[in-house]
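So the sequences go chain by chain: A and B. Using our numbering, read the first sequence as starting at 1 and increasing by one per residue. Using our numbering, read the second sequence as starting at 1001 and increasing by one per residue.
It should be emphasised that the hints constitute simulated quantities derived from the structure, not laboratory data. Any given hint could be a false lead.
Which chain A residues face chain B? A few, computed with CB under 8 Å, are given here [claimed, not checked]: (1) Ala48; (2) Leu52; (3) Ser148; (4) Ile185; (5) Tyr208; (6) Gly218; (7) Phe229.
Partial list, derived from the structure: chain A residues whose beta carbon lies under 8 Å from chain B [unchecked claim]: (8) Pro44; (9) Tyr125; (10) Arg128; (11) Leu129; (12) Ala206; (13) Glu209; (14) Pro210; (15) Ala272.
The beta-carbon is built from N, C-alpha and C at its ideal position, and this holds for glycine as well.
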Amino acid sequence: MASTQQLKSRIRSVKSTKQITKAMQMVAASKMRRAQEADKAAEPYTHAANELLTYFASQGVTAQHPLFQARKIDTRLLIVVASDKGLAGAYNSNIAKTYINELRDDKKNNVKTKSIAVGRKASQYATRLNHTDILGVYENLPDSPGSSELHAILDTAIKNFTNGDVDAVDVIYTKFISGMVQQVIVKRILPAGFEETEVSTEISSALYEPSVEEVLNGVTYRLVSAQIFQALLDARASEHSMRMMAMKNATDNASELADDLTLEMNKARQSAITQELAEISGGVEALSE
Amino acid sequence: MNLELITLLGKKVDQEVYEVIIPTADGEIAVFPGHEPLVGIAVPGAIAIRTNKGDDDSKLDYYAISGGVIEISQKHVRVLVDEADASSDIVEAETKAALDRAIKMRDSAKNQVELEKAHELVDRHTVRLKVAGLRRRHHR
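All chains should be built: construct the whole structure from the sequences, respecting the hints.
This is how it looks when you write it as structure tokens:
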């Protein structure tokens, strides 16, 4: 049995670890709340863009637009979204697993793959792989929609798609379903797709200003940018909630370990006392004889 | 009519208004209730909102917007923009400093990417500064 001294120092270290994980849990919880709110806030925008495109599609103007052209896929661009920091449970390894699977599928189907890595963990990962071209690496992304990084990602994706260098653009990110459930998904953003939405406003027979093409360009560009932005927000909310869960588990484990160790230490102390008493009473017995 | 100003950070405005002035490529358009349906492109600039019919110009609300899409129907005006800042949220001194920084960046840009980024920033801060100026003039 370990000495009480050793046990004491172990308990101390476990407890200080617990304090740290507890603090990280709190920080992740508050960040998650904020990320979740931001995630919700972007919804009206996506909804409105979907609505406009549903209307355009009903007018038959989307079919000719270059961003809507579906082609045979020879080259694919993957935008991989992971986090900058670790300690978020299986967050990054789940992304990596899906990414590898997608690359393997592409290889099997003779499809070339290009990648854009978002987040330090994604870039560390992607740069180590050989059968994918890296078009860009973005770390420490700010979470504002006007950020030049978001525009850079968007412009790279759109440019590569329109000039035929890639035939499809997919985003691999973790969808935030609820605080408990997050799921890695692969979402196609180009050729542009939209969710059919009921057109609520009365815009039938609307005029186009300055022209149909320009309006369609503007709306499509915004929808694609909103989809990428939404993916980034989802990824962020998922990251924080997974980190919160991971840290909560770590805190619970630390508490349990500290309890076990305390029990063991008490036992050790008690048995030492018992031993000493037995020795004393044994000594007294020996003297009185 | 109902005006919605929707950005990626949420709805900035969702209220009944009397008049909206929106900047477009061909100049500003003023929208009143009953405007004919129109879908168009807004350029970076200032949106002005008159809430009640009798309000004079000093009561206009201004928002600095980046480019976006406008959707006008009989009873609704919907503006989809990347970013919108209420004039009351813009700190003039900060924006001025940011504009100076952006201009310096533009002048010292080494490549096309930097130059484009700087141009974007200059435009953005110019618009914001203009909106801040509009508010100051009316509130004096």
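Quick rundown of the hints versus the structure:
At its closest, the beta carbon of alanine 48 of chain A sits 6 Å from a beta carbon of chain B; the interface hint therefore holds under the 8 Å criterion. Because the beta carbon of leucine 52 of chain A sits about 6 Å from the nearest beta carbon in chain B, less than 8 Å, this interface hint is met. Hint status for serine 148 of chain A: holds, given a least beta-carbon distance of 5 Å to chain B, under 8 Å. Hint status for isoleucine 185 of chain A: violated, given a least beta-carbon distance of 20 Å to chain B, over 8 Å.
Taking 8 Å as the C-beta contact cut-off toward chain B, the hint placing tyrosine 208 of chain A at the interface holds, the least distance being around 6 Å. Against a cut-off of 8 Å between C-beta atoms, the interface hint on glycine 218 of chain A holds, since the closest Cβ of chain B lies about 5 Å away. For the restraint placing phenylalanine 229 of chain A at the interface with chain B, the shortest Cβ-Cβ distance is roughly 6 Å, inside the 8 Å limit, so the hint holds. Below 8 Å, beta-carbon pairs count as interface contacts, and proline 44 of chain A has one with chain B at about 5 Å; its hint therefore holds.
Nearest Cβ of chain B to the Cβ of tyrosine 125 of chain A: about 25 Å, over the 8 Å cut. The hint is violated. With a cut of 8 Å, the hint placing arginine 128 of chain A at the interface with chain B is violated, because the nearest CB-to-CB distance is about 27 Å. Evaluation of the leucine 129 of chain A hint against chain B yields a violated restraint, the C-beta minimum of about 26 Å exceeding 8 Å. Annotation: alanine 206 of chain A was flagged as interfacial toward chain B, and the flag holds, the nearest CB pair being 4 Å apart, inside 8 Å.
About 3 Å separates the beta-carbon of glutamate 209 of chain A from the nearest beta-carbon of chain B, less than 8 Å, and the hint is met. Hint status for proline 210 of chain A relative to chain B: holds, with the closest Cβ pair at about 6 Å, below 8 Å. Interface hint at alanine 272 of chain A: violated, since its Cβ lies 64 Å from the closest Cβ of chain B, which is beyond the 8 Å cut-off.
Figure legend: structure checked against the earlier numbered hints; hints not met, in rising order: 4, 9, 10, 11 and 15.
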